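**Student:** Taken in order, these protein sequences are the chains called Y and W.
Per UniProt numbering, the first sequence starts with residue 1, numbered consecutively.
Per UniProt numbering, the second sequence starts with residue 1, numbered consecutively.
Hints may contain errors.
Said to hold, decoys possible - Subject to a maximum C-alpha distance of 20 Å in a straight line, what follows is the list of computed SDA-like cross-link-like pairs (lysine to any residue): (1) W/Lys113 / Y/Glu222; (2) W/Lys31 / Y/Arg268; (3) W/Lys113 / Y/Gly270; (4) W/Lys113 / Y/Ser168; (5) W/Lys18 / Y/Cys244; (6) W/Lys106 / Y/Gly270; (7) W/Lys106 / Y/Gly208; (8) Y/Lys131 / W/Ala257; (9) W/Lys106 / Y/Arg101; (10) W/Lys113 / Y/Gln249; (11) W/Lys113 / Y/Val269; (12) W/Lys106 / Y/His170; (13) W/Lys31 / Y/Tyr267; (14) W/Lys31 / Y/Asn264; (15) W/Lys106 / Y/Pro167; (16) W/Lys18 / Y/Asp187; (17) W/Lys106 / Y/His186; (18) W/Lys31 / Y/Val269; (19) W/Lys18 / Y/Arg268; (20) W/Lys246 / Y/Asp173; (21) W/Lys106 / Y/Gly188; (22) Y/Lys131 / Y/Arg116; (23) W/Lys31 / Y/Met272; (24) W/Lys106 / Y/Pro189; (25) W/Lys106 / Y/Lys133; (26) W/Lys113 / Y/Met272; (27) Y/Lys133 / W/Lys31; (28) W/Lys31 / Y/Gly188; (29) W/Lys31 / Y/Ile178; (30) W/Lys113 / Y/Ala290; (31) W/Lys106 / Y/Val201; (32) W/Lys113 / Y/Ile178; (33) W/Lys113 / Y/Tyr267; (34) Y/Lys11 / Y/Arg116; (35) W/Lys106 / Y/Ser168; (36) W/Lys113 / Y/Asp223; (37) W/Lys106 / Y/Ile178; (38) W/Lys113 / Y/Gly208; (39) W/Lys91 / Y/Asp223; (40) W/Lys113 / Y/Thr210.
If you are wondering where the hints come from, they were derived from the structure by calculation, not from laboratory data.
Keep in mind the model is a prediction, meaning the values are calculated, not measured.
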Amino acid sequence: MAWDLDALIEKAQRRELLPENTIRELCNKAKELLLSEDNVRHVQAPVTVVGDVHGQFYDVLEIFRIGGQCPDTNYVFLGDYVDRGYYSVETITLLLCLKVRYPDRVTLVRGNHECRAVTQVYGFYNECCEKYKGGLVWSYFTDVFDYLVLAVVISDTILCIHGGLSPSLHTLDQIRVIDRFREIPHDGPMADLVWSDPQQVDGDEISGFTLSPRGAGYIFGEDVTRHFLEINGFGHICRAHQLCMEGYQILFDDMLSTVWSAPNYCYRVGNMASLLEIGPGLERYFNVFAACPDDQRTSDPQGGEVSFKALVQELLMEEDERKSKDFQKSYDSYSQNVALDVQDTGIVTNFRTSKTLSQYFI
Amino acid sequence: MSATAAPRHRLFADGPTKGIAIGDWQIATTKRPICNSAELDRVAEWISIPLPEMLFGNNELVVAHRSGVSVVFNAVEALALVDDTPESADKTKVAASAQWTRTSVKTHGSIHKVVRPYDWTYTTEYCGTVSQRGGSPEGESQDRAVAIQMQPSEVGINIQRLIAPEPILFYDELVLFEDELADNGAAVLSLRMRVMPSCFLVLQRFFLRVDNVLLRINDTRVFHEFGSDVLIREYTSREAPYESVKQSAAAAQDLSAMTDANWVSARLEQMGPPVVHRRESVVVGSSKS
């Protein structure tokens, strides 16, 4: 098969799955490309920074509609491309196609979900197996994850990372020398970059680095943020990793901001999302957007998905007498094939715990 | 008890609120997006612990009887019961904690403080807020709701009634709060309810998964059979080590079953009696058709 990247991008934009061999080749090309990128990538403003998207494919298309298409707009994605949403495979496929096609206009930072262990729990592994029958595609993608960069510096002024700072990292050079071509470790500077969170503490509470009450992970305060910026001559840190209702959050006297780009997270949280558009003069503008309208989400070509709300309305709340007599029958036959929304995702899917409603919860 | 015709009922919807008026009962859910930062600031004045990342503070489920008795479920009351004593953070630690802490002590020994310890699993024994509106239905002080206690009960939920196939007149589900525990698992407090011609059931479930450490489910069920004069509440708390539940997961590499509260609940039930089991009831007066 001829390697026509533009045709692949068009396919990916239509949410068509690429053949397994094509995915393998795409991942190989991406790795080759990423191998030559430094841990810390430098880009020049104007640039648009995107936070977590978590497999919400239609919202990613919306991001390109709002923020501009590739390569017209220069993009920095801050990681967490996969898990939780329904279309992690299609999302990472599209982003890798764009990366390979426009390597200088797309930067992909590694998030804590770009990791074998995490994707086995939060859906990506499962989705790969369902869509490609077997775990090979998952291993191609997760191999690429090991090559993603750890940080981006915009116009020598704004540091972009997925999670946050680390007590082991005082200078940019220390990020540069991390051996990043590996699974994300449980601890150490590489883990901190993708896992740690800022926390605003009030009054006399101590600042600096503190321990998460969970027993792993650091929380960093305003003073260490200021210190890091001063040492490295930066003006701002932009990171993702944490959901916020407004789609962004500005902390520490405007020294740090969180950008979150998955609207209506998990299809039910009702939050806004944003893109951080950094202008030529480094002015920062959060372009806030809501979830892409339902009529722009095409139905699943593989079938099997029905809105739970629609099911409830059709089957459960039917006031028409004739239909309500048929309810149990139609429900039972329906439940042979699909289960209720046991994961509370708003969508009824083929799921192993298929049950009739009377057993649904007792 | 033989099945009787359903009490008169009417479905209603008003913006984010929808529900059913059936016999002497009114049951309604309100669903809104997660709290915005201004709302979070207001909640933080009441709740001292760091709030869950998805706090549906405007969501609510209300079960109200004409006599003035009501059970309300909301997130803020549930979070008020989360342990925030200094020892609370030590009860459960994430799987990577031991190794992580060893490294951290070695490389950053000076960092040893947890700013605000709290039970970060958000475990709550909340089982709804029960109150009685003051005075008789005709009284003037109807609006004043007084907290009341349910009484221990011999009688539990009529399971046979719930298993019997019946049309569902009203069904809804909502989430009160959810936290991904920084991708170390999940803590979710959610509600489901269904109303049938003969009875209704509310299930509030607190589901905790700490990956490779622990699974815990605290269930509260509120049940009423039309024609009876009591509202019944059952609370159960079950938990088991992650590893022992995982053994029954289908494939070793596919751990998604562990994220399914229904599946985990069924496993926990098979694994033995609950840690806590409580039956309570409150008299509401006989409901009329």
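**Student:** All hints, please: hold or fail.
**Tutor:** Evaluation of the provided hints:
1. W/Lys113 / Y/Glu222: 16 Å, holds
2. W/Lys31 / Y/Arg268: 10 Å, holds
3. W/Lys113 / Y/Gly270: 35 Å, violated
4. W/Lys113 / Y/Ser168: Holds, at about 17 Å.
5. W/Lys18 / Y/Cys244: Violated, at about 27 Å.
6. W/Lys106 / Y/Gly270: Roughly 43 Å between the alpha carbons, so the hint for W/Lys106 and Y/Gly270 is violated.
7. W/Lys106 / Y/Gly208: Holds, because 18 Å separates the two Cα atoms, which is no more than 20 Å.
8. Y/Lys131 / W/Ala257: 18 Å, holds
9. W/Lys106 / Y/Arg101: Between W/Lys106 and Y/Arg101 the Cα gap is close to 45 Å, so the pair fails against 20 Å, i.e. violated.
10. W/Lys113 / Y/Gln249: Violated: W/Lys113 and Y/Gln249 sit about 25 Å apart, past 20 Å.
11. W/Lys113 / Y/Val269: 32 Å, violated
12. W/Lys106 / Y/His170: Measuring from Cα to Cα gives roughly 18 Å; hence the hint holds.
13. W/Lys31 / Y/Tyr267: 14 Å, holds
14. W/Lys31 / Y/Asn264: Satisfied, since the Cα-Cα distance of roughly 14 Å is no more than 20 Å.
15. W/Lys106 / Y/Pro167: 12 Å, holds
16. W/Lys18 / Y/Asp187: Since the Cα atoms of W/Lys18 and Y/Asp187 sit roughly 47 Å apart, the hinted pair is violated (cutoff 20 Å).
17. W/Lys106 / Y/His186: At roughly 15 Å apart (the allowed maximum being 20 Å), Y/His186 and W/Lys106 satisfy the hint.
18. W/Lys31 / Y/Val269: Measuring from Cα to Cα gives roughly 10 Å; hence the hint holds.
19. W/Lys18 / Y/Arg268: Answer holds: W/Lys18 to Y/Arg268 is near 17 Å, not above 20 Å.
20. W/Lys246 / Y/Asp173: The given pair, whose Cα atoms are some 42 Å apart, is violated under the 20 Å limit.
21. W/Lys106 / Y/Gly188: 11 Å, holds
22. Y/Lys131 / Y/Arg116: Cα-Cα ~18 Å, so holds.
23. W/Lys31 / Y/Met272: Within the cut-off at roughly 16 Å; holds.
24. W/Lys106 / Y/Pro189: 14 Å, holds
25. W/Lys106 / Y/Lys133: Judged against 20 Å, a Cα distance of about 44 Å means the pair is violated.
26. W/Lys113 / Y/Met272: 34 Å, violated
27. Y/Lys133 / W/Lys31: With Cα atoms ~38 Å apart, Y/Lys133 and W/Lys31 exceed 20 Å; violated.
28. W/Lys31 / Y/Gly188: Cα-Cα ~41 Å, so violated.
29. W/Lys31 / Y/Ile178: 46 Å, violated
30. W/Lys113 / Y/Ala290: This hinted pair is violated, its Cα atoms lying about 39 Å apart.
31. W/Lys106 / Y/Val201: 26 Å, violated
32. W/Lys113 / Y/Ile178: Distance ~27 Å between W/Lys113 and Y/Ile178 Cα, so the pair is violated.
33. W/Lys113 / Y/Tyr267: 37 Å, violated
34. Y/Lys11 / Y/Arg116: 26 Å, violated
35. W/Lys106 / Y/Ser168: Since the Cα atoms of W/Lys106 and Y/Ser168 sit roughly 12 Å apart, the hinted pair holds (cutoff 20 Å).
36. W/Lys113 / Y/Asp223: 16 Å, holds
37. W/Lys106 / Y/Ile178: Within the cut-off at roughly 19 Å; holds.
38. W/Lys113 / Y/Gly208: 10 Å, holds
39. W/Lys91 / Y/Asp223: Violated: W/Lys91 and Y/Asp223 sit about 30 Å apart, past 20 Å.
40. W/Lys113 / Y/Thr210: 6 Å, holds
In this structure, the hints that do not hold are numbers 3, 5, 6, 9, 10, 11, 16, 20, 25, 26, 27, 28, 29, 30, 31, 32, 33, 34, 39, in rising order.
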